[in-house]
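Protein chains: 4
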Amino acid sequence: MSKLTFGAGIWHFATYVDRYATDGYGPAKSLIEMIDLAGKVRDLSVVDINAPWSADVSVDEVEVALKRNNLSVIGITPEIYNREFSKGAFTNPDAGIRRRANEVCNDAANLVRRFGASYVKLWPGQDGWDYPFQVDHKQLWRHSIEGIGELASQNPDLKFVIEYKPREPRVHMSYGSMARTLLGIEAMGVPNVGVLLDFGHALFGGESPADSAQLAIDHGRLFGMDVNDNLRAWDDDMVAGTVHPIELFEFFYTLRKNNWEGVWQLDQFPFREDCVEAADMAIDFLKHIDASLDRLDWDALAAAQNRQDAMGAQKIARQALFGF
Amino acid sequence: MSKLTFGAGIWHFATYVDRYATDGYGPAKSLIEMIDLAGKVRDLSVVDINAPWSADVSVDEVEVALKRNNLSVIGITPEIYNREFSKGAFTNPDAGIRRRANEVCNDAANLVRRFGASYVKLWPGQDGWDYPFQVDHKQLWRHSIEGIGELASQNPDLKFVIEYKPREPRVHMSYGSMARTLLGIEAMGVPNVGVLLDFGHALFGGESPADSAQLAIDHGRLFGMDVNDNLRAWDDDMVAGTVHPIELFEFFYTLRKNNWEGVWQLDQFPFREDCVEAADMAIDFLKHIDASLDRLDWDALAAAQNRQDAMGAQKIARQALFGF
Amino acid sequence: MSKLTFGAGIWHFATYVDRYATDGYGPAKSLIEMIDLAGKVRDLSVVDINAPWSADVSVDEVEVALKRNNLSVIGITPEIYNREFSKGAFTNPDAGIRRRANEVCNDAANLVRRFGASYVKLWPGQDGWDYPFQVDHKQLWRHSIEGIGELASQNPDLKFVIEYKPREPRVHMSYGSMARTLLGIEAMGVPNVGVLLDFGHALFGGESPADSAQLAIDHGRLFGMDVNDNLRAWDDDMVAGTVHPIELFEFFYTLRKNNWEGVWQLDQFPFREDCVEAADMAIDFLKHIDASLDRLDWDALAAAQNRQDAMGAQKIARQALFGF
Amino acid sequence: MSKLTFGAGIWHFATYVDRYATDGYGPAKSLIEMIDLAGKVRDLSVVDINAPWSADVSVDEVEVALKRNNLSVIGITPEIYNREFSKGAFTNPDAGIRRRANEVCNDAANLVRRFGASYVKLWPGQDGWDYPFQVDHKQLWRHSIEGIGELASQNPDLKFVIEYKPREPRVHMSYGSMARTLLGIEAMGVPNVGVLLDFGHALFGGESPADSAQLAIDHGRLFGMDVNDNLRAWDDDMVAGTVHPIELFEFFYTLRKNNWEGVWQLDQFPFREDCVEAADMAIDFLKHIDASLDRLDWDALAAAQNRQDAMGAQKIARQALFGF
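Chains as they are written, first to last, in our numbering: chain A, 54 to 377; chain B, 54 to 377; chain C, 54 to 377; chain D, 54 to 377.
In case anyone wonders, no lab produced these hints; they're calculated from the structure. Please read all numbers here as calculations on a predicted model, not as lab measurements. The beta-carbon is built from N, C-alpha and C at its ideal position, and this holds for glycine as well. Hints are not guaranteed to be accurate.
Covered stretches of chain B (chain C as the covering partner; in silico rule of three or more C-beta atoms under 8 angstroms from a C-beta of chain C) [what the hints assert, rightly or not]:
id : region
1  : 182-190
2  : 300-307
Short derived list, chain D residues pointing at chain A, Cβ under 10 angstroms [stated by the list, open to error]:
id : residue
3  : N159
4  : F168
5  : R195
6  : G229
7  : I270
Given these sequences and hints, build the entire structure.
See below:
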């Protein structure tokens, strides 16, 4: 059986606000409190941390908190989607804001070095458009590519991962699908930019996450991944395995088949749930998937896929996952 | 030509937060500032106000601000979707919170009386469920009906309107469609509960807003309406007329055909736009629709609809709306 | 353990055409051949048969074929969605066609009597509209209600079930959701019209099938059901359990909880699969669900639902379904 | 004012079947009858023809029919999505069927030469998958690329265009989006394969058609286009301009801005409408769009887009399209 490493975005342990519950789904928490909650999850080893964080918490304090919880840092996610960047980070119409996005990301790069993390995680959620006629699509896409390409060139010692999503908070996000993101990365022409595949974003975008993973792997660009679940029509960030267990299984099947090695991360937003319980729930399911992969009849499945035999393939997968 | 009255939810003039831009899309505004902004819209006469509002603003101050801006109040929207009610208002599993929802709505009823408004607007956005197996659907729906039925009985002198929406912030909202809401209202057996039809919510739910309006009218329950636009897959609350001008036209055609008289309200969330300009934009389009209704060949359209002649009907509508 | 009866629409064993593969997904089959295929499914007891069928097959021949395959008839589905009714059956703009729809359905009623079946199954898939402005929504809905109400009054000894669906082949179908259908049935004011809940249609319409089942049961109108699966955005009619096993489990949990007794039917379209294997696949999964319901900790689940405790409820359901 | 050339797929003038109305939406028509109907459309100059067509119609007869209707051929669409190819054309698990797909496309290439047409139009609608675990995604995508790459190499004198679509008839189509298709074309490494952008397919896929057009142009691959309309959730192939006039306007704005020159084609399926009237309706709207582009304040719009000023840009577009 494989030895897995589990991770989570530190925001999994935050308190959320949205446009209705503007006073939040509970009392706000400090980054240190979030780290201590992450430490309570049974099998969590690594976290992804947003930066910059509140000025009253030092990097040293974060380090201490991580250490006492046996956590290390896999990535730093620069906050390029808050008020300052609400009209875009890399694609903001204001060149000064685009410069600021670059600075914030370079600061994140320094944190990656400081924490010995694996990458800067870029989620340009405000880069896109809302209305027909609002933008010059050629220019917007050019800025999308140049902004990240520049970062990669400035930091050749580091990796950058782009987490695409079809939309939200913009009505259209420029890095909206796996294929679009790979097109953009190819245009950058740098080796150190890859994709972080969010299982739920792929579902939301009408993709088969297993297919998207394979595509990124075949381009040598699957640098990271995380999981959650949704109803395919929005980024609900529900607990992994609660709605689409079979496609989640196919996703991890594809990763193992390709000998992809990396952290199995969670990107969940437990708005109304206990965040530690929600993480434990998901990790328990991921372990079940891992054990199911051990049980799977790989040769028979490959043969069924070779025939594109849907029923045959499903029977084999079902046997492993449901045990009948 | 008809004399129209235009209105807007006062939140049209707020600053928004969401789960990403937690520091907001701009500096926060007080209710008084929002009213003053509403006053700048060229043709706005009435507003819908959320309550309770910040304790440092008195009802008298609100009244003064409304008066100086020539605005009156059409409805009060009790805040039954913030932190306290994040697991539900009328359907909260905690009977104490359900009681609190009743109190907050009764307080809103008193404000309706104080302002001489038309109704209490109920938007039970947190009433619903997220996960399979989470709730007892029979009980949840019973609570949905009883909670509002009780309010109506407690305030027989007032009207209550339910604004349904398929989802957000819950993954499923119990008052999720026009038909479901009418079923619930019929079960209440009271005369003073009706529907506020949000054009965008109907589109989002896969309904034809014109059909939903007709259905509510035929049940004697179309007590209010508001408009906006979206991409049919989420409640984007974009500016009315920017994406679906033809269905918007059909919606108002249906209202006029039924001699429905009421305020043409806006429920828009201009996250990144100037809120006054966004309201003016929408109202200009609504005036164009009103003028197009004057130009419309009503008899020819009725004849085409009698034949269910899609091309014939569209030609007549197009002529009125686009002028060719 | 419960004794289940499994059924299927006879079209499960047909060869399909669509707008692209106009020469079909294989050679056409006669009704007798379809019945013989149905007979090969391991645990199938009842079928729903479309009528009228090809004139060269007599009722007696059908009876013989059913008998030799140990099959009985649960329902007759009149073909009110083919060329003659392509602009609507009950809502056709031509009164003569509406009369023809009535005749075809009365003929189906006679077959129900002849076969000792349970109901006439109405699927008015062509009743609806495509374009904005195409129809008078008031009239269309009135025709929808009157057409079926008339049938029910003409045949008080029989049951009629309406199978709603959001759309296809019309862009909007008038019986488009559970709540809308119940509203229509209430307006008919007859005891012998109910709903046939198609699991996939509910998913497609953004409903939770378990919630829709509960609603129909609470109105005393859940007369039948069938299952399949899809990607929530279209009526894919895939094999039950292959995409949404957890919501399928919740659906049957709701039926058993309410002591609903009836046939567990399949409504699948195995375009490219072996139809017998596809039925066996689904029935095997349904048996697994039935066994999981036996294993389920019902009291603990009721307690979790009483708290609306999503994580707690999911853990209990997961334990029963996945065995961990 | 620009001189436009209008075209249509010849299937616009066919009679359709679907999985319900298996006897068709009217009496079948011969290819010659379809051409004669195309000839009745007021401003139609070119058609795209499916091949092979019925053996009882010769190429010469087609040529004569085209001539008498003043029509020429823009493309030939090989029928690689009927029964023979129902499990895939380029990606069929059977190498013999893949070979057959190649033959059918080479036959189409010969017809392109014979008619002096512009391209072979490839719509691999059966190339994809339905169920989780059904296919080896790496292999499927490799076959998708190699199959078309081989065709392009065999016919270096001709152009091939790929018309992508998210799905239907497969639940997932391998050429499912603009970006995915461009990735595939880049992998082929040939100059003579491009994209045919179907406006409705882009909408259906959650794309902004204007953005997709710009992306294809920037890759030098926008070889063709066609228009229609839908409700964004399915390929409804409704009449262009009846639902999304503003995005249609933005699409043509983008084409003119880039000096893209080509035929404005229709890909509509008027199931229940008069096919000539449906084409005339669409072309009238396209002419209105063309005239609106003449009226548009291009400099002001560019300036607004430079600021990403949604309201400003919409006002300018609205002025041109609606005349107020």
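Results of checking the hints against the structure:
1. 182-190: holds (count 9)
2. 300-307: holds (count 5)
3. N159: Given a least distance of 24 angstroms, the restraint on N159 of chain D is violated.
4. F168: Not OK, violated: F168 of chain D not within 10 angstroms of chain A, min 33 angstroms.
5. R195: holds, 9 angstroms
6. G229: holds, 7 angstroms
7. I270: OK, holds: I270 of chain D within 10 angstroms of chain A, min 8 angstroms.
Hint check: violations occur at hints 3, 4; the rest are consistent with the structure.
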